[in-house]
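Taken in order, these protein sequences are the chains called A and B. Numbering-wise (my numbering), the first sequence opens with residue 1 and increments by one. Numbering-wise (my numbering), the second sequence opens with residue 1001 and increments by one.
Check the hints yourself; a few may be wrong.
Chain A stretches covered by chain B per the calculated footprint, using a threshold of three residues with CB under 8 Å from any CB of chain B [unchecked claim]:
{"id": "1", "segment": "62 to 70"}
{"id": "2", "segment": "113 to 120"}
{"id": "3", "segment": "177 to 184"}
{"id": "4", "segment": "194 to 201"}
{"id": "5", "segment": "204 to 218"}
Here are the computed lysine-lysine pairs in the DSS-like style, where the Cα-Cα straight-line distance is at most 25 Å [said to hold, decoys possible]:
{"id": "6", "chain 1": "A", "residue 1": "K15", "chain 2": "B", "residue 2": "K1014"}
{"id": "7", "chain 1": "B", "residue 1": "K1014", "chain 2": "B", "residue 2": "K1004"}
{"id": "8", "chain 1": "A", "residue 1": "K95", "chain 2": "A", "residue 2": "K126"}
{"id": "9", "chain 1": "A", "residue 1": "K102", "chain 2": "A", "residue 2": "K126"}
{"id": "10", "chain 1": "A", "residue 1": "K102", "chain 2": "B", "residue 2": "K1009"}
{"id": "11", "chain 1": "B", "residue 1": "K1009", "chain 2": "A", "residue 2": "K15"}
{"id": "12", "chain 1": "A", "residue 1": "K191", "chain 2": "A", "residue 2": "K238"}
{"id": "13", "chain 1": "A", "residue 1": "K238", "chain 2": "A", "residue 2": "K15"}
{"id": "14", "chain 1": "A", "residue 1": "K93", "chain 2": "A", "residue 2": "K15"}
{"id": "15", "chain 1": "A", "residue 1": "K126", "chain 2": "A", "residue 2": "K191"}
{"id": "16", "chain 1": "B", "residue 1": "K1014", "chain 2": "A", "residue 2": "K213"}
{"id": "17", "chain 1": "A", "residue 1": "K142", "chain 2": "B", "residue 2": "K1009"}
{"id": "18", "chain 1": "A", "residue 1": "K142", "chain 2": "A", "residue 2": "K126"}
{"id": "19", "chain 1": "A", "residue 1": "K4", "chain 2": "A", "residue 2": "K15"}
{"id": "20", "chain 1": "B", "residue 1": "K1024", "chain 2": "A", "residue 2": "K126"}
{"id": "21", "chain 1": "A", "residue 1": "K95", "chain 2": "A", "residue 2": "K142"}
{"id": "22", "chain 1": "A", "residue 1": "K213", "chain 2": "A", "residue 2": "K191"}
{"id": "23", "chain 1": "B", "residue 1": "K1020", "chain 2": "B", "residue 2": "K1009"}
{"id": "24", "chain 1": "A", "residue 1": "K142", "chain 2": "B", "residue 2": "K1004"}
{"id": "25", "chain 1": "A", "residue 1": "K191", "chain 2": "A", "residue 2": "K15"}
{"id": "26", "chain 1": "B", "residue 1": "K1024", "chain 2": "A", "residue 2": "K4"}
{"id": "27", "chain 1": "A", "residue 1": "K213", "chain 2": "A", "residue 2": "K238"}
{"id": "28", "chain 1": "B", "residue 1": "K1020", "chain 2": "A", "residue 2": "K102"}
{"id": "29", "chain 1": "A", "residue 1": "K15", "chain 2": "A", "residue 2": "K213"}
{"id": "30", "chain 1": "A", "residue 1": "K126", "chain 2": "B", "residue 2": "K1004"}
No lab work stands behind these hints, which were simulated from the structure alone. Bear in mind that the values here come from a model prediction, so they are computed numbers and not experimental data. For every residue, glycine included, the Cβ atom is placed at its ideal position computed from N, Cα and C.
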Amino acid sequence: MILKDAGALAQHLRKQEGEIVGCLADTGFLYALAYEDDRLFEEANDVLEVLSDFHVPIYANVISRLEFIDLIFRKQVTTGAIRIYESIDGSTKHKNLFNLLKNIRDQDTAHRNQGLSYKVDENRLKRLRQEFETATGFSSWKAFCQQYVGDLLVNEWRYLEDDFDLNFVEILEGQLSEHFNAPLYWADMVKIMAESGMRGPDAMIVNLFSKSKFPLLITTDFDFETCLSATTANQTDKTILIL
Amino acid sequence: MEKKRGPVKGAGRKWAARLKELGKQPPPQDLVDKINGTTSPSHPPKNTEADENKKIAQPTKKPSDLGL
Chain A
1 MILKDAGALA QHLRKQEGEI VGCLADTGFL YALAYEDDRL FEEANDVLEV
51 LSDFHVPIYA NVISRLEFID LIFRKQVTTG AIRIYESIDG STKHKNLFNL
101 LKNIRDQDTA HRNQGLSYKV DENRLKRLRQ EFETATGFSS WKAFCQQYVG
151 DLLVNEWRYL EDDFDLNFVE ILEGQLSEHF NAPLYWADMV KIMAESGMRG
201 PDAMIVNLFS KSKFPLLITT DFDFETCLSA TTANQTDKTI LIL
Chain B
1001 MEKKRGPVKG AGRKWAARLK ELGKQPPPQD LVDKINGTTS PSHPPKNTEA
1051 DENKKIAQPT KKPSDLGL
């Protein structure tokens, strides 16, 4: 079954009997919860309220956990870079750094105008670190990271995971756990990639969801609709909420 | 007391506010001074979007009443 919003989810959960073991979530949903400039911020948070009302814990695989923390890191660096750009003088002799910071600010504005949440990509992140180090030394780059990223990722992250009741699924090749009906195999995930054209992290979610006891997947990616419909065709207890 | 299952009510919006607050912090002054090549204690913001728009919108010639 495919659901499209928080209202439909509430209606669906109301009909369920007994405690719901949990829902599987992808990175897009988790990120949308945390940043107001994400186009799905309101919808995602409405869904979180429903999960809270029905006491449904959230589960993600380790890849989604890594992607989520990486997106937050890149977003915080983006925000910090814009704050620096707004504070420095255009006549600085460090033109490469100035132009890169301006480019990041311009990208952020362009994305915001389209309702998208901009995060620096890997290339800009590496260049930013290099330009900071050239202009001001490594200690300044560390001070920048400490201010905009450090405390959040180091000290506060566990509170975020607690508040979201965000749990992680780690399972070894061919093994079972309390959340699975069937063992997970790498070859099954590769097969999904090959047959559906999905990227590895997405195929991993499809494989994990289809073998798990989780009755619900929450995602922001409509690619899952077709692929999961085929993979879970004979599993009537599986529901996907696509925001 | 045992923790309730599921997310805390309003947890997403609380975190969004916290992240927004973190992003509003001014950068370390030492870093700004190094980039600017100055040692003065503070500088007003130079490159806000509002300022840039203002520059673009400014007329290049002062208005004159000669044509009236």
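Evaluation of the provided hints:
Three residues within the 8 Å Cβ limit are the bar, and the segment 62 to 70 of chain A against chain B gives 0, so the coverage statement is violated. Only residues whose C-beta sits within less than 8 Å of a C-beta in chain B count toward coverage, and the segment 113 to 120 of chain A has 0 of them, not enough to reach three; the restraint is violated. Given as covered by chain B, the segment 177 to 184 of chain A fails the check, having 0 residues with a CB less than 8 Å from a CB of that chain where 3 are the minimum. Figure legend: the segment 194 to 201 of chain A, annotated as covered by chain B; annotation inconsistent (0 residues with Cβ-Cβ distances under 8 Å, at least 3 required).
Only residues whose C-beta sits within less than 8 Å of a C-beta in chain B count toward coverage, and the segment 204 to 218 of chain A has 0 of them, not enough to reach three; the restraint is violated. For the suggested pair K15/A and K1014/B, the alpha carbons sit about 29 Å apart, so the restraint of at most 25 Å is broken. Simply put, K1014/B and K1004/B have alpha-carbon atoms about 18 Å apart, close enough for the 25 Å limit, and the pair holds. A hinted pair counts as satisfied when its Cα atoms are at most 25 Å apart, and K95/A with K126/A qualifies at roughly 17 Å.
At roughly 16 Å between alpha-carbon atoms, K102/A and K126/A fall within 25 Å of each other, so this suggested pair holds. A hinted pair counts as satisfied when its Cα atoms are at most 25 Å apart, and K102/A with K1009/B does not qualify at roughly 38 Å. About 21 Å separates the Cα atoms of K1009/B and K15/A, which keeps this hinted pair within 25 Å; it holds. Proximity of K191/A to K238/A is assessed by CA-CA distance (about 21 Å); at most 25 Å being required, the pair is judged to hold.
Proposed proximity of K238/A and K15/A is supported: the alpha carbons are some 14 Å apart, at most 25 Å. Between K93/A and K15/A the alpha-carbon distance is near 65 Å, which puts this suggested pair outside the 25 Å criterion. A hinted pair counts as satisfied when its Cα atoms are at most 25 Å apart, and K126/A with K191/A does not qualify at roughly 34 Å. Of the pairs offered as hints, the one joining K1014/B and K213/A is violated, with about 30 Å between alpha carbons and a cut-off of 25 Å exceeded.
For a cut-off of 25 Å, the pair hint linking K142/A to K1009/B is broken: about 35 Å separates their Cα positions. Annotation: proposed proximity of K142/A to K126/A holds, straight-line Cα distance about 14 Å (limit 25 Å). A distance of roughly 17 Å separates the Cα atoms of K4/A and K15/A; the hinted pair therefore holds under the 25 Å criterion. With a C-alpha separation of about 23 Å, the suggested pairing of K1024/B with K126/A holds against the 25 Å cut-off.
About 21 Å separates the Cα atoms of K95/A and K142/A, which keeps this hinted pair within 25 Å; it holds. Between K213/A and K191/A the alpha-carbon distance is near 21 Å, which keeps this suggested pair within the 25 Å criterion. Distance hint between K1020/B and K1009/B is fulfilled; the C-alpha atoms sit about 19 Å from each other, no more than 25 Å. Between the alpha carbons of K142/A and K1004/B the distance comes to roughly 38 Å, so the proposed pair goes past 25 Å and is violated.
Between K191/A and K15/A the CA atoms are separated by roughly 35 Å; this puts the pair beyond 25 Å, and the hint is violated. About 34 Å separates the Cα atoms of K1024/B and K4/A, which puts this hinted pair outside 25 Å; it is violated. For the hint pairing K213/A with K238/A, the CA-to-CA distance comes to about 9 Å; that is within 25 Å, so the pair holds. Using a Cα cut-off of 25 Å, the hinted pair K1020/B and K102/A holds, with the two alpha carbons roughly 20 Å apart.
The straight-line distance between the Cα atoms of K15/A and K213/A is roughly 18 Å, inside the 25 Å bound, and the hint therefore holds. With a C-alpha separation of about 42 Å, the suggested pair K126/A and K1004/B falls outside the 25 Å cut-off, and the hint is violated.
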